[in-house]
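Two chains, each in its own frame: build the complex with the hints.
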Amino acid sequence: MSAHNHEGEHSKFLAHHFKSMSQQTAAGKLGMWIFMAQELLFFSGLFCAYGFMRFMYPDMVTQGQSSMDWRLGGINSVILLVSSLTMSLCVRSARSNNKAGTVKFLVATMICGLLFLVIKGSEWGMHFHEGYFPGKFFNPVAHAEIQDPLAHIFFGLYYVMTGMHGLHIVVGLGLMTWMLVRANRGEFSSENYVSLENTSLFWHLVDIVWIFLYPLLYLAK
Amino acid sequence: MLKIVRNKKRQNSSEHSSGDQKHSHNNEHGLLPVRLYVGIFIVLLMMIFMNIGISMLPIPSIWIVSLLIFVAIIQTILVAVFYMELIHEDKFYSFVFGSAVLFMLLFFGITLGEIRGRDFFTATEGVKMMRGVDQNGNFAPGGPKLEKKSEGSH
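Heads up: the protein sequence lines correspond to chains A and B, in order.
Straight run, no breaks: the first sequence in full-length UniProt numbering ends on number 221.
Straight run, no breaks: the second sequence in full-length UniProt numbering ends on number 154.
Treat the hints as calculated values from the structure; they're not laboratory data.
Treat the hints with caution; some may be incorrect.
Just a few of them, taken from the derived set where beta-carbon distance is under 8 angstroms, the chain B residues facing chain A [what the hints assert, rightly or not]:
#, residue
1, 34
2, 45
3, 55
4, 57
5, 61
6, 68
7, 75
8, 76
9, 81
10, 83
11, 88
12, 93
13, 97
14, 99
15, 103
16, 115
As the structure is a computational prediction, the values presented were derived from the model and not from experiment.
From the three backbone atoms N, C-alpha and C, an ideal C-beta is built for every residue, glycine too.
Just chain B, with the same shape it has in the complex (with noise of 0.2 angstroms):
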């Protein structure tokens, strides 16, 4: 125990600035235990199996999606948080993973509330959105020629 204590002390006493040390305490966490790996793998295993039966349950197909994403989120909190050892490492790894994961809610939320909204102004305003013509492969971009496509090129 003493011989412990001693070795932290003159590892404290090689370091150069307060700042280093800060960064030493971030970086020598613990180890996990093996078991909890395991175990963690064990649920992120029945979770697949969970999301297979969710896939076949007969319910709308929006509840099924929900359903699987809401499983997904969990699956990956669970990665980021044990498998990427998030749980005890620096706050601040946490904050920059959140940011972009902010960043990419807010671009999901913009654009797919903007899909939403075409349908809003087709219904009200009466104007007329690509997507009713798109249907009939019309300006798909690459997409195979179509009768339709060559009658309208003339």
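Same shape as in the complex, but just chain A (with noise of 0.2 angstroms):
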């Protein structure tokens, strides 16, 4: 691999406040790994409440999954795991020098993102198609299979769980954006990357709340 650190020179990425790019690097990846701690505290809360409803009502929750599609759940699950290899090539492109590859790699995992919420987006629809809406909204069509009262509670979660995460997903789409019109001006290199990085970080927290949504809310009956 030939050596492209210019640690001497100064860089036009280098903010006036770091003494090297490597610096730069250090302290800019210690940032978004304290706000990754940040985030999984963040949603701890909701998993710790998911855990206090199915304990408190284990009847409704079972009932309220039976409307979970688990196939289309699986799908999602898939497809962020597919974004997920493709955000890790796209930083190994950048940091090689491959700015083609870094395009390509990055508007890959952009897809699947706009997949993922299409189908997160159509389950919702099915759901309020049905009538179940959250809290004092909840009111069930005549022909629906759930009509507990009590399952409001459920889907109020469900809610709030899978919409935290789609937004996101929304803001990591909107990070990725912008990543592409820096890597298309050709700002990413083995030398300057670490925003490339901390993007790729935000996105595999992202799936790894995916990873616990998905068993947790489709498949534990």
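Below, the structure written as structure tokens:
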């Protein structure tokens, strides 16, 4: 691998308050990991609420889960997994000074993210069609499978958990759009890749959250 | 080879402090092979199907949930170690993330342990908990108005 590192020279990507690119990269990564620790604690509150609900209303949760389509959830799991792979390959391409590869894998990851949102949106649409709205708006139609009024608790939490996850996907897509613009400008290289890697870390965290959401919401009957 | 060594020497001499050298060592790790990324992807994919299979097993619900969470934890470790590249990153990042996991487990342990404690007090001390009432939907915040609720309010 050719050494493409100009630590001694002042890189145009080096912020004035850092001594070197490596120091800037280390600071950026540390900040991102601290942010992700916070994200983990944020989602842990929602997972704890799920555990609480499952303990308090086991029958209602089982009933609520019967409306979940594990096939659609499974497809979404595979899509997110593919997106994690393409995102990792994207960072690898950037670090190998492969601009075409970086752009290609970034676009592939964005397509996966969009597909995920479309499937998740259609799932929500199906639930709304049955009248499974959250909280006080819960009003199942006559032919709906779930008529237990307590099921509003399950659907309330389901919408919050998947909604917050979906919001993170949207934020991730926004970050990737920005990264795509920068990648097209040829800003990423083996020397300057920390913002792309931080975006990748964020995306993997979103994948990790779904790794737990899928079995708990769709499979744990 | 000589060129590489010379480049490295030049690179080191341009560092301003020993702290920077440490940062440089931590961040300029090698690239993982593409084959490894694909291999991890295949293992993770198989684990998704494994989870689907576990959910269909004729075993008690608590075992199904435990197994599902166990597989999910292994998936998480694989993603963190290989896709998030903790395998060759500064160990301090693992410490930061690991400490969040530790506090998450404490949070789960204390909160969910408290619910079990409620059942204990209900059984042994005769303390009436909201849970029994809640099953009727009376105290569910923002819940649909049940007949019992309207009776209770008068």
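Each hint, compared with the structure:
1. 34: With a closest approach of 7 angstroms, the residue 34/B hint holds.
2. 45: At 6 angstroms from the nearest chain A Cβ, residue 45/B passes the 8 angstroms test, so the hint holds.
3. 55: Given a least distance of 4 angstroms, the restraint on residue 55/B holds.
4. 57: It is violated, given that the least Cβ distance between residue 57/B and chain A is near 10 angstroms, above 8 angstroms.
5. 61: 7 angstroms, holds
6. 68: 4 angstroms, holds
7. 75: This interface hint holds because 5 angstroms falls under the 8 angstroms limit.
8. 76: 5 angstroms, holds
9. 81: Cβ of residue 81/B sits 11 angstroms from chain A, so the hint is violated.
10. 83: Because about 5 angstroms separates residue 83/B from the closest Cβ in chain A, which is inside the 8 angstroms limit, the hint holds.
11. 88: 12 angstroms, violated
12. 93: Constraint on residue 93/B satisfied, holds at 4 angstroms.
13. 97: At 6 angstroms from the nearest chain A Cβ, residue 97/B passes the 8 angstroms test, so the hint holds.
14. 99: 7 angstroms, holds
15. 103: 6 angstroms, holds
16. 115: Interface hint status for residue 115/B: holds (5 angstroms vs cutoff 8 angstroms).
Comparing the model with each earlier hint shows violations of hints 4, 9 and 11; every other hint is respected.
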